[in-house]
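Residues per chain, in single letters:
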Amino acid sequence: MLNIEIDGKATQVAPGTSVIEAAIALDIYIPHFCYHKKLSIAANCRMCLVEVEKAPKPLPACATPVTEGMKVHTASPLAVGAQKGVMEFLLINHPLDCPICDQGGECQLQDLAVGYGASASRYLEAKRVVFHKDLGPLISAEEMTRCIQCTRCIRFSQEIGGYMEFGMINRGEHAEIVSFVGKTIDSELSGNTIDLCPVGALTSKPFRFTARTWELSRRKSVSPHDSLGSNLVVQVKGDRVMRVLPLENEAINECWISDKDRFSYDALNGPERLRTPRIRQGGQWQDVDWPTALDFVVQGLSDIVARHGAPALGALVSPHATLEEAALAARLVRGLGSDNIDSRLRQSDFRGDAHAAGIPWLGMPVAEVSTLERVLVVGSFLRKDHPLVAQRLRQVARKGTVVSMLHSVDDDWLIKVAHKSIVAPSALVSSLAGVVVAAAAARGVAAPAAFAGIAPTVAEKAIAEAFTEGKRAAIFLGNYAVQHADFAQLHAAAQALAQITGATLGFLTEAANSVGAQLAGAVPQAGGMNAAAMLAEPRKAYLVLHAEADYDFARPQAARAAFRNAELTVVLTPFAQGLDDADVLLPVSPFTETAGSFVNCEGRLQDFHGVVKPAGDTRPGWKVLRVLGTLLKLPGFDAEAATDVRALVTSGAADLMAKLDNGTRLALSAPVAAPVDAGQGPGTPAERVADVPIYFADPLVRRSRPLALTVDSRPPTARMHASLLATLGVKDGGEVRVRQGGGEAVLTATADAAVPPGVLRLAAAHPSTSHLDGLSGPVTLERA
Amino acid sequence: MNAPSEFLDYGPDAVLMAGLTGSNWRLKDYEARGGYEALRRILAEKTPPEDIIAEMKKSALRGRGGAGFPTGLKWSFMPKNYVGDKYVVCNSDEGEPGTFKDRDILRYNPHAVIEGMAIGAYAMRANRGYNYIHGEIWDTYLRCEEAVEEAYAAGLLGANILGSDFSFHLYNHHGFGAYICGEETALLESIEGKKGQPRFKPPFPASFGVYGKPTTINNTETFAAAAWIARHGGEAFLNLGRPNNGGTKIFSVSGDVARPGNFEVKLGTPFATLLEMAGGMRDGRPLKACIPGGSSMPVLPGEIMLQTDMDYDSIAKAGSMLGSGAVIVMNDTRCMVRSLLRLSYFYFEESCGQCTPCREGTGWLWRMVHRIEHGEGRMEDLDVLNSVSDNIIGRTICALGDAAAMPVKSFIKHFRDEFAYHIEHKRCLVDPYV
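Chains as they are written, first to last, in the working numbering: chain A, 1 to 784; chain B, 785 to 1218.
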């Protein structure tokens, strides 16, 4: 430790600490613009110049490492003189258009100009003008003249986002921030540059000019999207959510949020909100009041249970529903006598259920991801499914962590991936088995008998051998692995690998409340039907919570048909959806209008309050379910607050963590490749790999209008290897007919070298592909 | 590049540039002048690297690029036991207005630089080198390519040089004419293929240089002198000049002299002598002012210059700096406002834009001088010019900010009356000289 003194306060800091970090630790504020604790040091704004005794000139606090005995003065005449000099330079070419600037009131330059700027300018010359840039639908760069060239956006895109989307062209006064020639900013983390920009150069396009910061109330919340559970500040004006910003939580999202978290709020105020209960009678939808709607549901459910027995009822709960909603839905269904409830809507292989040791979870705290030395990610569209977990891995990979990938497409995670095994879906289990065999050989232990005769490939060996060094190791199963047709065996093989290598086995988990929904009992517990079975053997009545038949199920076709043919399908949703299939639509609150909680991938229960009043006649989902339970005269529906419901589920963190376990008792079996051609109709057979595009993943985000304009929201194309295109006789960009399970779709074909031969990569959760049968399995392709 | 047939006259004291005709630049010619003897001897005798560095220190050779840092000391900063590549970089990005000495060295005596770099690499246990040549002298770059090829062919570069266990791979690299790329860390960035912008220091190149490897950067003339020192000894070099100012120095004399050009003189030679070598003042007009070390150094009035000797310490004592040795001579017809306008515009255009004081300040300075020159100045502007300069000096990442501000301060300090006249009368004090 080094002894230093800042403004007369003595302290001890570790070698390598910068002066500004030491000052922050002492609660001494040094003015700065380019410095940011999560970004590399640029030392270009020069605002943090301080006086260091024995140094001939003022030094930038951000870039000056402390030395033993150093004495720093942050507010001496020399330091303040230098800071004021820099402030004058920053302001001479700044337009000073604060009254019409969206950043006004929350602008670092404005704030610091109060302290360090002069009230009049000595600058009489013409000011610089910088042209506006089109950076896409999310970030506005209309007033680039305001830019002070701090390069935070550049460093963010390169270091956190993973590739250089921003850059600076030209020299000197002509220097300006641009995106790559003619391109928009497409990163799934791009919105953070708006927060980082210390001036009003980069502003939020959807939010611009809609409110002033001082008009907004700031309310804490939790992201309802991916499994991280990013902490949010939801900013509200009246009863309207105006924007969403990150709430710093070093253990979870650090100071970032993904664009999905940031811009999905648009859907909350969108035209598709369902504002009154609706009932379909005689094929016509009618708006009704709550008593009528609830009475209709109670009558219908009672009647069906009476006529067909309780197992005729099934409940399908979105993993984006709150813990409370899932808990009461489970209580309701079980109260009526049915165990048919599931929240794993996109999963197709449930053969492992009987052997599972507990609820799958990350296997470690999120923050621990940043300390891993060896990581294998199996089956994940990591960057789009888990943007901020990917970001953590990106950071550690840069510092030497060996990240490997086992997947069915060579997806670009913008992470330095050391070893890859990219195989068709049907070969995924055998490739993981190859890694297991190679790991056993590397450790000098016997390979599992079921994998006898498997010869690891070079890539599989490399993945396995990476685990021989490095202490903290993990194997993560991604959403694609969980949705895989042979998930149970993948799970068992991954467990075998974890046991051999000493790595921790973890699940990235799909959604904000994937863990919480299972904890709340939204999975069959007493031999009830799982999500796939409920659709394969249609029920007479369905209770659907927050899910959409077209987009949220492994087999959208089957979901639609089941809902349509059921005698009663009740959908609790914030949006007018499922109009062709449902019988009752009950408007329930999105996360901003209800109290609730989500349990994230690391098993952390995070509760939140409603931040605005429910829109129209919308009611919090847990309250609707409570009333339904009461009307059905079921016991245990007397909770008066969301916290009461929570208490029914878990007594606290210790109880919760005890239920999480990634173990499986399923015996390993020799990998069997599923036949590729399974009679899907005429054409060339192929295997489908489906990702769930980031901005179609849940009902809220898929209705955000700004996000719908992004590159990630473009209609999916049928991506395949050039050799498959050649077989089909289709040119890159030509049209191809895809058949799956009796459904078909005509799509643009694109050549994609990242897709293995014989594989079709075609996204799910999109209108253009929702008529195909499933997320995986055989398809046939034909020139259209 | 037509080789002049006559003898190139760098003056009677020339050692680095002695005996050059313009066409005797090839390897065989250099060897005939005794070139590569030092390298051969070092490799044959396995001279301890420390001895070479000690010799450099003894010579009192100071960096010829502008900062005048003692070369031997710089070489001793390279980590000795580093595992991996270490680099030696020659800064031939001669961009300072008024400076044109390195070009002559590279086109008439390129092997001196190559030998100097090889010896430097040996002394610092480096194995790779770059010679960064600015983009405007393409023919010189091509000549250096030829010279390096010759050296490789003769086994003087590459793996196991002359059968020893010393390997040194040298590459020429050309820039595209950005002045900032002459700043050593911007030069490293440029070599790496990035935008030429200086890095903040620390870390210094000796610990984190090109591609993050230990790197030492020296000026072209420094390396040429190093080769000479290795051959003749540090003592001999020191004795050419003065204590703490060893050796000869090539001065690029330009401006209002009868015979502008490069002159290699012993450090400590009186300015008057140098001026005489350059043929004296053109048309016999009086010497009004002189910038003794390249455009970024403070200007000095003629009367002070005539009392000054040409070495680092004497010029510093007179109030300027020796810099790169570009002597810009101005006679009594030169308008100092207009001269400063030219300089200010140069630094405004060449600022890289990375850090605030330089990016914003150079434009401000230029615009104010421009206003004064064009009859729109105010008397307060002179104080603002001074104060803006003060806000730039010492506040920037690299020395370009200082380079832009120091001329402004010195022009106003020494020729304030001329600026005041311009502001008051909206025209020049002096008659324009055709």
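One or more of the hints may lead you astray.
Straight-line C-alpha distance at most 27 Å; calculated BS3-like pairs for lysine-lysine [claimed, not checked]:
no., chain 1, residue 1, chain 2, residue 2
1, A, K127, A, K71
2, A, K38, B, K1210
3, A, K220, A, K38
4, A, K127, B, K1210
I should point out that these hints are in silico values taken from the structure, not numbers from a laboratory.
Hints, verified against the model:
no. : hint              : result
1   : A:K127 to A:K71   : violated, 39 Å
2   : A:K38 to B:K1210  : violated, 53 Å
3   : A:K220 to A:K38   : holds, 22 Å
4   : A:K127 to B:K1210 : holds, 24 Å
When each numbered hint is compared with the structure, violations occur for hints 1, 2.
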